[in-house]
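Chemist: Below, each chain spelled out in residue letters.
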Amino acid sequence: MQSAASADPLDPLPLIAGRQDSDSLTRIIFTPVWEKTRRGWWFLFLLGLAGTGLLTAAITVTFKEGIGSWGNNMPVAWAFGITDFVWWIGIGHAGTLISAILLLFQQKWRNSINRFAETMTLFAVMCAGMFPVLHLGRPWFAYWLVPYPNRMTIWPQFKSALPWDVVAVSTYFTVSLLFWYVGLVPDFASLRDASYSRLKRIVYGIFALGWRGSSRQWHHHKIAYLLLGGLATPLVVSVHTIVSFDFAISQLPGWHTTLFPPYFVAGAIFSGFAMVLTLIIPARRILGLEEIITLKHIDNMNKVVLATSMMVGYGYLMETFIGWYSADKYELFSVANRMFGPFAYMFWLLILCNVLAPQVFWSRKIRTNVVATWIVSILVNVGMWSERFVIVVVSLHRDFLPSSWAMYKPTWVDFGLLFGTISFFGTLFLLFLRFLPAISATETKELYKELSEEHAEATAA
Amino acid sequence: MSSSGSWPEPSGERQWRSIEEREGSAELRAALEREFPAGAAELSDGIDRRSFIQLLGASLAASAVGACTSAPAERILPYTRQPVGLTPGNPLHFATALSLGGRATGVLATSWEGRPTKLEGNPLHPSSQGSSGVFEQAALLQLYDPQRARLVKQRGTPRAWKTFLLDTSLRLSASAKKDQGAGLRFLLEPNASPFVADFRTRMAQAYRNARFYGYDPLADDNGPRGVQLAFGQPSDVQWDFSKADVVVSLDGDFLQPPGPHLRHARAFSQRREPARLNRLYSIESTLTITGMMADHRLRLRPSEIQLFALELVQELVQQPGLSSLSGVSQASGQLARSEHLKWVKAVASDLARHRGRSIVIAGPSQPPIVHGLAHAINAVLGNLGQTLQLIRPVAGVESGVASLSALADEIKQGAVEMLVITARNPVYSAPADLDFGKRVASVPDSIYHGLYEDETWEKVQWGIPAAHPLETWSDARAHDGTVSIVQPLIAPLFNGIPEVELLASFLGVIDKSAHQILREFWIEHGPAAAFEQRWERWLADGFIANTASPSVQAALRPDSLISAIRDWVKEQQGQVRSTPDALEVNFVGDYKVYDGRFANNAWLQELPNPITKVTWDNAALISPATARRLGLERDDVVLLQYRGRQIEAPVYVLPGHADDTVSLPLGYGRSGAESVARGVGFNAFALRHSAAPWFDRGLIVKKLSRKHKLAVTHDHWAMEGRDLAIQYAVERFEKEPNALEQLRGPTETLYNPVNFDREQYKWAMAIDLSRCIGCSACVVACQAENNIPVVGKVNVLKSREMHWLRIDRYFSGTLEDPAVITQPVACVHCEKAPCEYVCPVNATVHSDEGLNEMVYNRCVGTRYCSNNCPYKVRRFNYLHYTQNKPKSERMLMNPDVTVRARGVMEKCTYCVQRIERARIQSRIEGRAIRDGELTTACQQACPAQAITFGSLNDANSAVARLHRDQRRYDLLHELGTLPRTAYLARVKNPNPELA
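Same order as they appear, the protein sequences are chains A and B.
Numbering of the first sequence is given in my numbering, commencing with residue 1 and proceeding in unit increments.
Numbering of the second sequence is given in my numbering, commencing with residue 462 and proceeding in unit increments.
In short, the hints are calculated from the structure, not lab data.
None of these values were measured; they are calculated from a predicted model.
Positions of the beta carbon are idealized from the N, C-alpha and C atoms, including for glycine.
Mixed in with the good hints, there may be bad ones.
[As the list claims (entries may be wrong)] Residues from chain A shown here face chain B by an in silico Cβ test under 7 Å; the list is partial: (1) N73; (2) S403; (3) W405.
Construct the complete structure from the given sequences, taking the supplied hints into account.
Modeler: What follows is the structure in structure tokens.
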């Protein structure tokens, strides 16, 4: 452990491993972009494209036939569509959290993974954004949810949480995109300058927006980045809070609860970090980024996962407690139905994945074991999807009047949309890994410099 | 078709290159089939040149005729002078009548520019009193059914009606000359029509040896025989349930057809209010609509009901003053004391306490002895002339299974040369042992007058498409004998031939329309003076006043009843009980398709069965205990074996069903050309035996490994301890008059509720659960009024049925003897509607008068409103259900109501189109809408008058009074939604002796 980061004897895991300099960091970070396309990449990319084809097919059927091609019914008027929406939005939460909040808190470990997380956020929000349109009975009128001036002077109904959703999600996407792009500009310039092919130079050049690396540019860049970080911070909390309002403002037992906003935000961060882990663990190995994305990062993220896991666990506990404490027979029934009703397996699956599985992270050994972490991160993704399914479908399928109770059964289109968006997400991510530096070179070098200085100070002292 | 280049030249010597071409190639045939109207889709294989050319001509003629009816070729101009009484955009109403089981129910048809779109009961008609049942409501869809037969066909080959007339008249005259019609037989739909009665007389004069039979598989033959046993004279019985304090029903589902069920329901439900509560004992096998209303229900195997009746008589004899029953009582000898002795005693003493104010009624499936016993009890209790009247028989031909058996025998003996069938599809509905299809096929000359190319059509020589009752002139009689003139609302849509014209042709009348024939008949038989005015009055009223059958006096003459009982006792002693594991089979008419005649009606197929809530299927009904014993559960397919025949059927476990009995609803498993009906359910007629058409021992049930998924709309039986559909014993209600206080009134809220009291109207509904019998007429009425689409079994299985109004049915108590309650639930129009604030686009909003309105044009289909609706009454167009509606069915749409497309939400509107019509009328007349002037479709149909609608701002309105009733409560009151639809708790009147 001779690296610059091992200053703290109590924390032996370095943030940047090995003996590095500016050159070696550049090489590590840009090699995946410069090198020839690997066979494995093509394989995964084609797989992703095939899945995206499935998504296209499912969307076509949905638009052509209507929501009837899904398994939705009365009373389960929302099902996979909304479950997927909330799941993807949740996944999209790690990005802003890592970029913005950790930036403001000056957490150094964010620097090597923030690009990764932000990109994931963008793509996840893109996937999420499809569902509110897809799930409409008449998707061609989706724009009616947007407040726009029209001859009939009809506004959306601001009492409903759905127009809030539109605003929250579109703001989130815009800010995330800007934040991501602003961070990318210097790296685009590096790519432009280092590329051999003319085409690449032109394309990267366009995106680099004439970046020359002058101090003036750096100055503006820093301020813009910080401002956007400040802007994005409240969004981390607001987006999922508003998504949770979709449920919380209704009066359906299982939805009608004040607990939802914090519990949804915790769940979102939980699933976001899990998804970052799921993606980053294979990527750092295959792309040779192990020296920059070190076990220290994984360890830290696992701690966040563990903490948020307990927060959602507390949420489940409180839901159950309030169900009993409210003395409301509908609430009580709704809790019992989650645990012992026909969809009980989904509930116990979510308890297993979201509450029990992350408990292994109390052990540092497991936190720094990439295989174990990867397995748990996948379990968490599954668990968080089940959680949304339990909230959406299981609350709806048995509500007030037993006469209208019914079961829900998804169709191939439902699964097509779920796995299709996962493939679409994967495809976009593969393109990202191929054409853009997965790690912010600028910020990593900055971090390296900072760490070296700290190290130097420490040794001097 | 005629422009096709590949068409052979009809004139001159035809050239042909191959046998195939000469015979008509496959493509040619396909082209021909395409050009043909749908009905002519099947061609026989061997086609010679002559029939080929005939076919050509006929199909050309057919398409020409088809073109005439669907779209006139002439140029249409607007009225230069408007016809009197017709304002385009304002519908007209015509009175006519629909018959079922040979008895007419008066209806009023709404007609838009000559296009009937809705049927309501005729308030003046004695059998309707303004209400209607599911069959009357759904008759309209049958009228527009594009699958109805369209062409006169001889052995499947289209012919002209004239050809038929020529062909038949030649044979007829030959037959008349030879042996005066010895080989001529008629198989008629039961019919009390004066015209048909006269036709029979005149036929008997012209063809002395011709004979008439009637057939309706659900006909009540046992009832009249029972009357004969008890009183020694034939007569019909008119029941008056409004005067009966105690009603004992022996397997008698008197709230359903056949029988004047609408009248019964009206009278019976009037007595379900706490102040004048009657008491109903129902002794039955399967759970029926009547049984659901019972204060006490005893489930017995069908064969045990006669024993119960005998025990009841024996018990009654011991009551003071009823010794005149002793003869009847002694005839049955010593009966083994049954386990329900307590029941018998309680019923007997209750009856004895209510002499002259009680009714004992038996069902059509019970043998004549049971009917005789019921009448004997009624007679000694002094109910005759009080709660029941005997009237001179309204007549018609006997039309039960026995009648059909006799005809089948005659055919077997070769005595029948020409058979004319107007009965509805007897080949399908005949008991299997008669092998009636084969019999009909063996008749040299058979003619079937039917609405569809059904099972019977396939077996006959001549198929004649029948005109629908709404397309034709005829006459009919109600249950009490009142005559109605049936007038058409529209010219025949599919070239149907009126029954009157068909029958008249046998008397040589071939050049007159049904209208002329019928008028001439009534000019001849009716009052001579002022015929025109009278005729118009009859048509306007929908019936001829004062034509009810006169009542007759009769006294109990129990001799034949006594001897019948003695015979029965002897027979019982000789009988050995069949194999121990054999069950009893019980054939029941269906609540939705009757005997199968309505099987092609998608409204009825999709209507949840009032008892089981099964759609698009029938099922073998068994009790929970029997299911346990046989290891069966719902959806299991079983093999049913009985008298050497077997069928496969899915099982439905029905709480409250009698043990060791399997009830098989008739009317499904159709195999005719009607594609809606085909393949739906199983055919129980294939097990029915003419020796025991209603019930019998000896059924063997074997479980098969297959499952058949039944599309049930209401899976969960229990209320889960929630106060949803509330029923109380009347004593408890009297003791705690404020028991429902916490289920009504304002709830605590942070906001000031909107005040609607200053509006001109404050629309509201009240549904009296005490009155609701669960018959589901309202559901079909709502479907007809509001253009509600049918979604099919696949989508019902996915819980996507579209009914705006549903009838919830809950069981409570034990599985074996549950208490049942039905509760109609539609949008309750909450004042604080949870659906409204969650809609992102303002597509569901509140009106000033308190209606929760749906703006279809604005709806984008987020379905959030449905999620937040605690009553789950909203319905979503998951698919474009109205897209492929046949042209003819488009004519059925109510022009006042938007036809919804895919992707929008819909729900009950309180029939807002009717409110607006009433508003327009009241404004024209410069007044407010009067209470009772405006009815919703469900309210109008309801035979039990359980639904009331009006304005709460009129303190004296019926609905305002009901909203102040002590029985009033709000569904899910604790949610604070302030629903405008209030429910009135059901009160029950249990006998303390049976507590």
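Chemist: Please name the hints from earlier in the document that this structure breaks, with their numbers sorted from lowest to highest.
Modeler: none
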